[in-house]
Amino acid sequence: MNLKELYQEIILEHGKNPRNIGKTENFNKDAKGHNPLCGDSVHVYLKLDNKNKVEDVSFEGSGCAISMASASIMTDLVKGKEENEVREIINDFLGMIKINPNLKSKNLNDDEKTKLMCLSGVKQYPMRVKCATLSWHTLISAIDNKNEEINTEKFD
Amino acid sequence: MNLKELYQEIILEHGKNPRNIGKTENFNKDAKGHNPLCGDSVHVYLKLDNKNKVEDVSFEGSGCAISMASASIMTDLVKGKEENEVREIINDFLGMIKINPNLKSKNLNDDEKTKLMCLSGVKQYPMRVKCATLSWHTLISAIDNKNEEINTEKFD
Amino acid sequence: MNIDTIKKEFPIFDEKIQNNDLVYLDSANSSQKPKVVLDRINEFYRKQFSNVGRSVHYLAVAATNLYENTRSSVQKYINAKDKNEIVFTKGATEALNLVANTLGQMILEPNDEVIITELEHHSNYVPWHFLRKSKNIKIKFAEINEDGDVPIENIEKEITNKTKVIAITHLSNVTGSILPIKEITQLAHSKGIIVVVDGCQGGPHLKLDMQDLDCDFYAISCHKMYGPTGLGVLYGKKKWLEQLPPYQGGGGMIREVKKNGISYGDLPNKYEAGTMATAQVIAFDQSIKFLESIGIDNVIEHEKKLIEYGQEIIQKNNSVKLIGNPKNRGGVLSFTIDGIHPHDIATILDEDGVAIRAGHHCCQILHDKLGIPASARASLGIYNTKNDLDKLNDAINNCKKIFDLK
Amino acid sequence: MNIDTIKKEFPIFDEKIQNNDLVYLDSANSSQKPKVVLDRINEFYRKQFSNVGRSVHYLAVAATNLYENTRSSVQKYINAKDKNEIVFTKGATEALNLVANTLGQMILEPNDEVIITELEHHSNYVPWHFLRKSKNIKIKFAEINEDGDVPIENIEKEITNKTKVIAITHLSNVTGSILPIKEITQLAHSKGIIVVVDGCQGGPHLKLDMQDLDCDFYAISCHKMYGPTGLGVLYGKKKWLEQLPPYQGGGGMIREVKKNGISYGDLPNKYEAGTMATAQVIAFDQSIKFLESIGIDNVIEHEKKLIEYGQEIIQKNNSVKLIGNPKNRGGVLSFTIDGIHPHDIATILDEDGVAIRAGHHCCQILHDKLGIPASARASLGIYNTKNDLDKLNDAINNCKKIFDLK
Ligand SMILES: Cc1ncc(COP(=O)(O)O)c(C=O)c1O
Ligand SMILES: Cc1ncc(COP(=O)(O)O)c(C=O)c1O
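So the sequences go chain by chain: A, B, C and D. According to this note's numbering, the stretch in the first sequence is residues 1 to 156, in order. According to this note's numbering, the stretch in the second sequence is residues 1 to 156, in order. According to this note's numbering, the stretch in the third sequence is residues 1 to 406, in order. According to this note's numbering, the stretch in the fourth sequence is residues 1 to 406, in order.
Simulated from the structure, these hints should not be mistaken for lab results. These figures come from a predicted structure and were not determined experimentally. Yeah, the Cβ is synthetic: ideal placement off N, Cα and C, and Gly gets one too. A hint or two may mislead.
With beta-carbon atoms standing in for the labels, derived distance ranges [claimed, not checked]: (1) D:Ile300 with A:Gln8: 52 to 62 Å; (2) D:Gly295 with A:Lys98: 26 to 36 Å; (3) D:Asn65 with A:Thr114: 25 to 35 Å.
Assemble the whole structure, with the sequences as input and the hints as a guide.
Following this line, the structure appears as structure tokens:
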């Protein structure tokens, strides 16, 4: 995938018209993330129901097309999934964006995998991987009820 | 002049048996000098008579052969000379040890010049020039009644 | 002056970067290095290497002389009165920390005021912030006007009888504004205020004349001035460097060391504790010679033409907004494109071989003031040509196409 | 291990120095550099140069990765737990200043005690002296015994309930004594005392295993470790580096900068303000690889044999007095000759191409204790041979002849 395709295929769609923007009503978990290098920032709001299923999820933030698209795709994908499924998806995505060639998760259907794989082109741009992963790390932090702000400088 | 000659010809004679060592009785001027690089230190004592002639001069100190020989030769040479003659000799020596090929002073006779020129070999060893000049700078300081300790790091 | 000949002196432009010719527009970040500098580093390590100042053997004496030669060259290049007013540091950042720290130890009292500007790089703000924390000094920000300039009135406004220091950049690394240091110094000195200049961008782009500027301190970053990394220069007036306390302690900066007390060496040793960046200092002499061989007036003229050209083509380009419109602009063009984040711009331009920087360029205060999280920045060096700026413009157009902008 | 092959990797030994083959016995001052390191510097500047960490263009990304690779190499080489425990500084002196300064800001209170030894280099005394002045801490000197060693009992004796820090050298640059850091750390930690190690001479000569030593901080001087000048490494346990305040302020070390406050970045950025010595860090990776290719055990064995040989011939030489007789001696032989000042020795030896150092070697406390103003020092590197020591001995004999000594 070349850069033009990376940007065009999906990022633009999400980057320009991101889904799930705003503050979920009655959210019961949330976390903030910040990428000091780019100035990207994101705030993820999560509403888990009493069976630990994601009833609703949304984000507020500002940043580059890659980080906004990634947050937008992520929130779409995890909606309706259970907490442990969400964790598994996050790990799968983080693995894919760093080293693995493909997604392996059983909690994603083929359509969902295709959507996510459009972010795989970011691999070739190591400085931008942090843009793509910011919202995902922030989501973990929200699930884990960690109060500290996620900072991309903290993880590699 | 090669190094062996430099050391042998005169320095050893003075370095090993320095003249004018000690504290001149009734000195009326003195100054201290220090070379932080080598740890050389010297204290010059001067007795000027009421016509500003050097009645007596001596030094105490410790250091390398070059600095001790230089102090020894210097004290020998300036004894009996007038203050302004001494200043002229010092300048001549400092000029010779840094750039001039020869001594030009009219206040030194040929014998005295030959004695001094044996230090000229130090030129080839720039790190050691400070050893050769320490006592001379200290003598100026004594004449000028400067109270601050002479430090070879201060002048080039 | 023939830029093609000059460009040939920089080996990196012989390389293909990802199959492209390199269009290097990130010199405000760090400049490329001419061959003479690299050859000098190599030759020194291969044929002459020794530590300086401490041993009396042949190599050490030779290295010490070479090291001190650079000090003299810098002195002449910036027209300092005394060779001992030149202190080598690891970078401009260390130089500014040295000044803030030692002024903090001796001169600044609680509630004293330091004026900086909204243009300042973090390196000329954080060290003063440390004193705000430790000594309770106050920091005041002279504001920019709508052109991104800091007119002298905006500095004058902030002066009170508590003002002890004005610390300002010579040339903004974002707006390119050149500040009237000479006039600011006159004003400051008439009120007994110390002037510290962040000369990181002044170094490579402006004439450096300490007697004319008359500032008290001037910090230079050698790697931005066609020199090696890991080296900076602090110019400080002798009266200050003599009276201020030392900054770092260690070998070489002492006079006498006893168990119950220590006395410090004289200038320049007092501020050069430990083994210095010997090879880098020695090679920096070649950077100075390189700049002298071109002539700073020629550098300034060349960059002025380029910047005017760049300004013109960028201003004509739809949806691209230049940041700042300073009266006097040095070799920096920062911009935003409506609807495209600067990091996306930089990544896409890079694909076409055009290397620019995106971010807040260590000037978060300025970006906050401008109401933008980041900007894209093209910055010039002596090796840049109009062709580079044309390629920049083409790459911007490609980028806009990807984002469906006209 | 074939020393001749290793020596060939150092270009300087192909040179004639004043018509002599170079007998370089000043490695404790600074080591010579192998070709791989010099080639790496050159290649990086010529083909890949960019500043690190701040731009997203191709060259910047590549440089950042190379820079961080060295951090990982150092981590592995010294067996640190975490890559972020490795901080690059401009030298060991800065590393020690960083530790003293930040401990002074946060941990040390007036009347607290810091124990150092009589063997310490000024770089591990002056920074603590600054705190004696500014914070009224006390400095205590653990004494050497007649062999020039500091037995652990001499440290234990100085410990009181006010002791907060023990700051000690791993290997004395004058007596060659190797200190039992592991045991000292065990003792110190059992009493909640922080251990800071000056590893300048440990770096090139000893096995570096932070998990085994368990010290809290360890300072390394890269130019003594076959690396470029202008670079040092500070190892610090994560718990300390995380909780201590920053040292220098500037670009790269911040998280958020507002007019009324600043928050700092995480490790390792927090301690790497401003543009770092990029090229030097990247080239230092080759120094580590070079040392790894030889194997530190082989280095130690080689130097041990040499030092035993050197000790033997020097001890046999009339009127020459070795300084110290440590149980465990690293690659340093310091000596005096009755009736010849060390500076005269060094000058005369230099005439025969034998480069040694004379002076107090930045250890004035030790020289005062020994009752001598200066000493002559021959120190070893991996490239030295028995032949070098024979030449040293011959040159000493020449020197004695000039001074009419037997
Ligand atoms: C034991 C010791 N400590 C500290 C230093 C200072 O190291 P640097 O000059 O590289 O900062 C040295 C070297 O001069 C040394 O030998
Ligand atoms: C205006 C300005 N000040 C300070 C700095 C810091 O310089 P250095 O990173 O070389 O210490 C820079 C460069 O990044 C700069 O552009």
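Hints versus structure:
A hinted range of 52 to 62 Å holds for the C-beta pair Ile300 of chain D and Gln8 of chain A, which are about 59 Å apart. Distance hint check for Gly295 of chain D and Lys98 of chain A: the Cβ-Cβ separation is about 33 Å, which falls inside the suggested range of 26 to 36 Å. Between Asn65 of chain D and Thr114 of chain A the Cβ separation comes to about 30 Å, which falls inside the hinted range of 25 to 35 Å.
Checked against the numbered hints above, the structure breaks none of them.
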